[in-house]
Amino acid sequence: MNAPTVRKTPAPLRMNPAVIVPAAVLAVIILLSIIGPWLSPYPFDAIDFDSDWGTGPGLAHGHVFGTDELGRDLFARTLYGGRLSLAVGAVSTLVSLVIGVSWGAVAGYFGGRLDSLMMRLVDVLYALPFMFFVILLMVLFGRHLLLIFVAIGSVSWLDMARIVRGQTLSLRQREFVDAAVVSGLGPIAIIRRHIVPNLLGVVIVYVTLTIPQVILVESFLSFLGLGVQEPATSWGALVNDGARGMESTPWGLIFPATFLALTLLCFNLLGDALRDALDPQRGLRK
Amino acid sequence: MSVLSIKDLDVRYASQQGVVQAVSEVSIELDAGETLGVVGESGSGKSQTALAIMGLLGGGAEVGGSIRFSGRELLGLARKDLDAIRGADIGVVFQDPMSSLNPYLSVGLQLAEVLIQHRGASRAAADAESARMLDAVGIDRAAQRLRQYPHEFSGGMRQRVTIAMALLCKPRLLIADEPTTALDVTVQAQILDLLDQLRASMNLALILITHDLGVVAEVCERAVVMYAGRIVEAGATRTLLRRPLHPYTQGLLASRPSLRGPRPESLHAIPGQPPNPARLPEGCAFAPRCTLRIAACDARRPCLETQQDVTRACACHLLPRA
Numbered sequence: 020m021n022a023p024t025v026r027k028t029p030a031p032l033r034m035n036p037a038v039i040v041p042a043a044v045l046a047v048i049i050l051l052s053i054i055g056p057w058l059s060p061y062p063f064d065a066i067d068f069d070s071d072w073g074t075g076p077g078l079a080h081g082h083v084f085g086t087d088e089l090g091r092d093l094f095a096r097t098l099y100g101g102r103l104s105l106a107v108g109a110v111s112t113l114v115s116l117v118i119g120v121s122w123g124a125v126a127g128y129f130g131g132r133l134d135s136l137m138m139r140l141v142d143v144l145y146a147l148p149f150m151f152f153v154i155l156l157m158v159l160f161g162r163h164l165l166l167i168f169v170a171i172g173s174v175s176w177l178d179m180a181r182i183v184r185g186q187t188l189s190l191r192q193r194e195f196v197d198a199a200v201v202s203g204l205g206p207i208a209i210i211r212r213h214i215v216p217n218l219l220g221v222v223i224v225y226v227t228l229t230i231p232q233v234i235l236v237e238s239f240l241s242f243l244g245l246g247v248q249e250p251a252t253s254w255g256a257l258v259n260d261g262a263r264g265m266e267s268t269p270w271g272l273i274f275p276a277t278f279l280a281l282t283l284l285c286f287n288l289l290g291d292a293l294r295d296a297l298d299p300q301r302g303l304r305k
Numbered sequence: 005m006s007v008l009s010i011k012d013l014d015v016r017y018a019s020q021q022g023v024v025q026a027v028s029e030v031s032i033e034l035d036a037g038e039t040l041g042v043v044g045e046s047g048s049g050k051s052q053t054a055l056a057i058m059g060l061l062g063g064g065a066e067v068g069g070s071i072r073f074s075g076r077e078l079l080g081l082a083r084k085d086l087d088a089i090r091g092a093d094i095g096v097v098f099q100d101p102m103s104s105l106n107p108y109l110s111v112g113l114q115l116a117e118v119l120i121q122h123r124g125a126s127r128a129a130a131d132a133e134s135a136r137m138l139d140a141v142g143i144d145r146a147a148q149r150l151r152q153y154p155h156e157f158s159g160g161m162r163q164r165v166t167i168a169m170a171l172l173c174k175p176r177l178l179i180a181d182e183p184t185t186a187l188d189v190t191v192q193a194q195i196l197d198l199l200d201q202l203r204a205s206m207n208l209a210l211i212l213i214t215h216d217l218g219v220v221a222e223v224c225e226r227a228v229v230m231y232a233g234r235i236v237e238a239g240a241t242r243t244l245l246r247r248p249l250h251p252y253t254q255g256l257l258a259s260r261p262s263l264r265g266p267r268p269e270s271l272h273a274i275p276g277q278p279p280n281p282a283r284l285p286e287g288c289a290f291a292p293r294c295t296l297r298i299a300a301c302d303a304r305r306p307c308l309e310t311q312q313d314v315t316r317a318c319a320c321h322l323l324p325r326a
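Residue numbers (our numbering), protein chains in the order written: chain A, 20 to 305; chain B, 5 to 326.
Here chain B stands alone, though its shape is the one from the complex (with noise of 0.2 Å):
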C-alpha cells in the first residue's frame, strides 16, 4: 500500500468573481523512500495540493476527491483524529524557517511540545529526543541549542531546527513546502542533501514542493509539474527534465538563465500570464500562452494521458496516444 494517494483532488473557492478553481483532479501517488516534486510557478495550485493534506486549508475551501494517508482517508477526519496524525505520522516544513518557529518560546520547548503532545513523554525525555534529533539534523552542541531562541540561530540553522521537529515523532510522510526558498544557496545545497539523507535512512516518503527545478533536479526521483491547478506533466525526473513533453514544461526549462553559450539578449520568458483560476478557459489552461497551440487546444482540455514509455504522463493535444 502507498503511503499517500490523492485521487482527483479538487480546491475550490467562492469568491466574488466566481468560484475560484485552485487545485482540479490532482492524483498522486508516493511510497516509503520516494521522493516526489511538485514543480509550478506562483498559483498553480502546488501549495494548496500541500495545505489540503495537511488539513490547512481555510474554512472557505471546498475540498473533493480522496487523500489517503496509509490507507485513511484523511478528508473530513474529526480535528481530534487528524491532531493524533499530523506530527506524528505526517511531518511537515515550511518555507520560511524565520516565521515558523515562536519567537516567544526557546528551540527546546517547541521540541518538546510535539513529543509530549504524541508520545505522553516527559520533559526530560523530550529534550533527550529533541537533542538527539538536532544532532541528526547536523547542529552540533543539541544540548545547549535546546535552550535558546529561535533569534539565536541563522537561517539554515532554523530550517534544520523545523526539519528536526517535523521528523521528531518518527513520521512517514514528510511534506516540505519550498524548503529553501528562502535560504542562502550555499545553505539551499545541504538542506537538499539533509532531507536526501533522511529520507533514505528513516525510509519517508518525501514531497518536495518548488518552483525551483534545480531542486527538483537534484533530489527528486520523479517530480509532477503543475499548472493551473492541474498536473500537466508527470514522470521520472531525468526524463521529465532532458526531454521534457508538455510545452509548459519546456517553456519552464527554456527559462532558466544558463552559464554555458553566448549570452542571450535576453532571459527566455514564456509569454502572458498565468490564467485567472475563476476564469480558466474551457480547453487548455496553457494554451493562450503557448506556441504550438492548435484548434483542439481551445475546444477541449486535453486528458492526463499516459504515454509509451509508461512512466510518464502528459496533458497536451499535440502529442500521439499511448
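Pulled out of the complex, with its shape left as it was, chain A reads as follows (with noise of 0.2 Å):
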C-alpha cells in the first residue's frame, strides 16, 4: 500500500442523487396517503350523485383523477387505498426483517438439530397451502381487516428465512468468524456483529422484491373477497376494478397503477442504492 491516504469515513447514505431521489418520491406517496383522504373535497367512499357515474378526470368538477363506475372520487380512493398497500408492505417487510433474518441466522449459525428442526416448522408452514391458512383464519376469527395483516405476516418471513439460512452456512465457514470465536464472542454476539452485517445485501434485495409481492397476494385475497372489503380499499383492489373497465373508463386503471408501480419501482431502486451505499468496497468494484 501507498503512503495511506486517509479516506473520508463512509458515509452511508451521502447525498447522493439515488438515493435522495426515490426516497423523496416515496416520501411523498407516503405522505399523501396519510393525509391525503383529508384533503380531498370529496370523501373516498361517498357517491358523487351531481356528476355523473365514471367521469373522466379533470379540474373542473373537482375530480382530479375522475371518479370509478360508481361515482366516487378516484382520487380520494387512490390515496386511501395506499394507505392499506403500504401497511401490507410495511408489516411484512418488519416480518421479514425481525423474524425472517434472525430465524435463519441463528438456524444457519448453530446448525445441526437445532437448525434442523427450525428449518422444519419453515418447511411445515411453506406446505400449507396459503389459501386455505387465510380462509381458515377467517373462519375461525371471523373476517377481519387484522387477518391480511397476520396472513401475509406469517408467510413473508418463510422464503427470507431460507435464503438467510444458506447466506449463514457459508459465512460460518469464513475465518472472521473463526477469528470472533477465538476472540471469546458469543454466538449472539457473533450473529450480530459478524453475520448479519455480511447478510445485508442479500437481504435487502431480498426486501425490495418482497414489498411487491405481498401489495400483489393483498390485491389478490381482496379479490377473492378475503381481504378490503367495500367501500374500504387498496393499491390492489383498485386496480382489479379498474381493468375490469379498461375500455371505457382507462382513468380507473391508470391512476392507481401508477401510484402501485411508482412505489415498486422507488423501493427497488432505493434497495439498490442502499446496498451499494453500505458496501464498505464499493468503490473496489466498479
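These are calculated hints, taken from the structure and not from any lab test.
Fair warning: there could be bad hints in the mix.
Listed next, with one range per pair, are the computed distances between beta-carbon atoms [to be verified]:
{"hint": "1", "chain 1": "A", "residue 1": "ASN287", "chain 2": "B", "residue 2": "ALA282", "range": "49 to 59 Å"}
{"hint": "2", "chain 1": "B", "residue 1": "GLN21", "chain 2": "A", "residue 2": "PHE129", "range": "23 to 33 Å"}
{"hint": "3", "chain 1": "B", "residue 1": "GLN21", "chain 2": "A", "residue 2": "LEU219", "range": "16 to 26 Å"}
{"hint": "4", "chain 1": "A", "residue 1": "THR277", "chain 2": "B", "residue 2": "ARG83", "range": "31 to 41 Å"}
{"hint": "5", "chain 1": "B", "residue 1": "GLY159", "chain 2": "A", "residue 2": "LEU140", "range": "21 to 31 Å"}
{"hint": "6", "chain 1": "B", "residue 1": "SER126", "chain 2": "A", "residue 2": "MET150", "range": "31 to 41 Å"}
{"hint": "7", "chain 1": "B", "residue 1": "GLU45", "chain 2": "A", "residue 2": "ASP142", "range": "41 to 51 Å"}
{"hint": "8", "chain 1": "B", "residue 1": "GLY64", "chain 2": "A", "residue 2": "VAL40", "range": "47 to 57 Å"}
{"hint": "9", "chain 1": "B", "residue 1": "SER74", "chain 2": "A", "residue 2": "ALA37", "range": "23 to 33 Å"}
{"hint": "10", "chain 1": "A", "residue 1": "ALA43", "chain 2": "B", "residue 2": "GLN148", "range": "27 to 37 Å"}
{"hint": "11", "chain 1": "A", "residue 1": "LEU228", "chain 2": "B", "residue 2": "ALA193", "range": "47 to 57 Å"}
{"hint": "12", "chain 1": "B", "residue 1": "GLU45", "chain 2": "A", "residue 2": "GLY131", "range": "30 to 40 Å"}
{"hint": "13", "chain 1": "B", "residue 1": "GLN148", "chain 2": "A", "residue 2": "LEU133", "range": "39 to 49 Å"}
Beta carbons are placed, not taken as given, at the ideal position from N, Cα and C, and that holds for glycine.
Each of the two chains sits in its own frame; use the hints to bring them together as a complex.
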C-alpha cells in the first residue's frame, strides 16, 4: 500500500441522487396516503350524485382523477388505498426482517439439530396451502382486516429465513468467524456483529422483492373477497376494479396502477442504492 | 508452572472410511517468553493441534488427552468459560489476513469489540487502546486508520492488524497458525520480526505453526516436527536443523532448494505420499517412504524417546536408546 491517504469515513447515505430521488418520491406518496384523504374535497366512500358516474379526470368538476363506475372520487380512493397497500408492505418487511433474518441466521449459525428443527418448522408453514390457511383464519376469527396482516406476516418471513440460513451456512465457514470465536465472542454477538452485516446485501435485495409481492398478494386476497372489503380499498383492489372497465374508463386503471408501479420502482431503486451505499468495498468494484 | 501444557492429545474423526486419527499422543510444554515452532506438511496434524487448543474443532471431533493453560484444563470447558479465556489470555493469528477480518466492519470496530467483550471498556477507551496497539505493531497514523475497512489495508498491514487484535488484551499465549504463508517474502520477514519483538516485550509464550523450516530457523528456540499426527522429532531449533535425527526431518531439510553449490538436476523430494490418516500403518507411519527402513519399522511404532543430549527427542528405531 502507498503512503496512506486516509479516506473519509464512508457516509452510507451521503447526498447521493440514487438515494435521494426515490426516497423523496416515496416520502411524498406515503405522506399523501396518510393525509391525502383529508385533503380531498370528496370523501373516498361517498357517491357524488352531481356528476355522471364514471366521469373522466378533470379540474373543472374537482374530481382530479375522475370517478369510478359508482361515481366515487378516484383521487380520494387512490390515496386511501395506498394506506392499506403500504401498511401491508411495511408489515411484511418488518416481519421478514425481524423474524426471517434472525430465524435464518440462528438456524444457520448453530446448525445441527436446532437447524433441522427450525427449518422443518419453516417447511411445515410452507406446505400449508396459503389460501386454505387464510380461509381457516377467517373461519376461526371472523372477517377482519387485521387477519390480512396476520396471514401475510406469517408467510412473508419464510423465504427470507431460508435465504438467510443458506448465506449464514457459507459465512460460518469464513475465517473471520473463527477469528471472532477465538477472540471470545459468544454466538449471539457473532451473529449480530459479524453474520448479519454480511447478509445485508442479500437481505435488502430480497426485501425489495418481497414488498411488491405482498402488495400483489393482498390485492389477490381482496379480489377473492378475503381481503379488504368495499367501500374500503387498496391499490390492488383498485387496479382490479379498474382493469374491468379498462376500455370505457381507463383512468380507473391508470391512476392506481401508476401509484403502485411508482412505489414499487422506488423501493427497488432505493434497495439497490442502499445496498451499494452500505458496502464498504463499493469503490473497488466499479 | 508452564503456560501451556499439552499431554497425550488425541484428535479423531469418525468418517466413512473408518476412524481418522488426525492427532495422536501429542505432548507439548511451553513457558512464558518461549517460542515453539510446530513444523509439518499438510495433513500432519499441526493445524488440528492448534484448533484443539483454541477449541475450534468441529462437532465431529473426538478429543482425548489434556490441554492445560496455566494449569487450567481447557478440554471440556463450557463455552462461556472458554470465551472468557479466548481473546483475553490466548490470542490467535490466522493464516490469511484477507479472510480473517470481517470486510463489512471497520478495523476499529473489530478491535474495539475484543476490549469491550473482555474488559467492558467503553468504545472511546477501546479506540484509544486499539490505536496504541496498532502503533505497537507498526501501523502509523493509527487513530485515522481505525476508521478504515480491511480492504483499505495491504496484506502485510492486515496481518499486523490481526496481530494487534490478538494481543489487545495482553494474552499470555499467542498461537500463530501459518501467519506468513499468505504474505510476500519481504513482508514475511517483517511480520516474523514483529512477532519475535512482541514476544520478548510482552513475555509471550508463542506457538508458531508452519510448514516453512526457514520461519522456524528465524524465530523459534525449540521446534517439534510432526508427521501423520505424531511428533516425530523435538528439540532445540539449532541442533534440530543442523543435525536432524529423524529420517523425515532429514528429508525435509534436503528438500529445501539451495542457492549454493551446483544446480541439481531436479529438486530432492521425499518419495511417496503421506499415509491416509484413516489407515495408518501398524509400525512407523513414515516407514513406507523411508530410505533407511528396517524390519522393526513395519512391526512396531517407535516411541518418542529422549536422546543422549537430553534436549531432544526422536521417534525412530534407528537411534540408540538413551
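CB of A/ALA43 to CB of B/GLN148, is that within 27 to 37 Å?
34 Å, holds
Verify the CB-CB distance for A/THR277 and B/ARG83 against the hinted window 31 to 41 Å.
56 Å, violated
Could you see if the CB distance from B/GLN21 to A/PHE129 stays within 23 to 33 Å?
Holds - the Cβ-Cβ distance for B/GLN21 and A/PHE129, about 28 Å, lies within 23 to 33 Å.
Is the hinted range of 47 to 57 Å satisfied by the C-beta distance from A/LEU228 to B/ALA193?
51 Å, holds
Is the gap between the beta carbons of B/SER126 and A/MET150 within 31 to 41 Å?
At 54 Å between Cβs, range violated.
Range first: 16 to 26 Å. Now tell me if the beta carbons of B/GLN21 and A/LEU219 are that far apart.
41 Å, violated
Just tell me: holds or violated, for the beta carbon distance of B/GLY64 and A/VAL40 against 47 to 57 Å?
At 52 Å between Cβs, range holds.
Take the C-beta atom of A/ASN287 and the C-beta atom of B/ALA282, compute their distance, and say whether it sits inside 49 to 59 Å.
52 Å, holds
Would you say the C-beta atoms of B/GLU45 and A/ASP142 sit inside 41 to 51 Å of each other?
44 Å, holds
The hint says 21 to 31 Å between B/GLY159 and A/LEU140; measuring C-beta to C-beta, is that right?
Violated, since B/GLY159 and A/LEU140 (Cβ atoms, about 44 Å apart) do not stay within the stated range.
Could you see if the CB distance from B/GLU45 to A/GLY131 stays within 30 to 40 Å?
32 Å, holds
Has the hinted range 23 to 33 Å been met by the Cβ atoms of B/SER74 and A/ALA37?
55 Å, violated
Consistency with the previously given hints fails for numbers 3, 4, 5, 6 and 9, ordered from lowest to highest.
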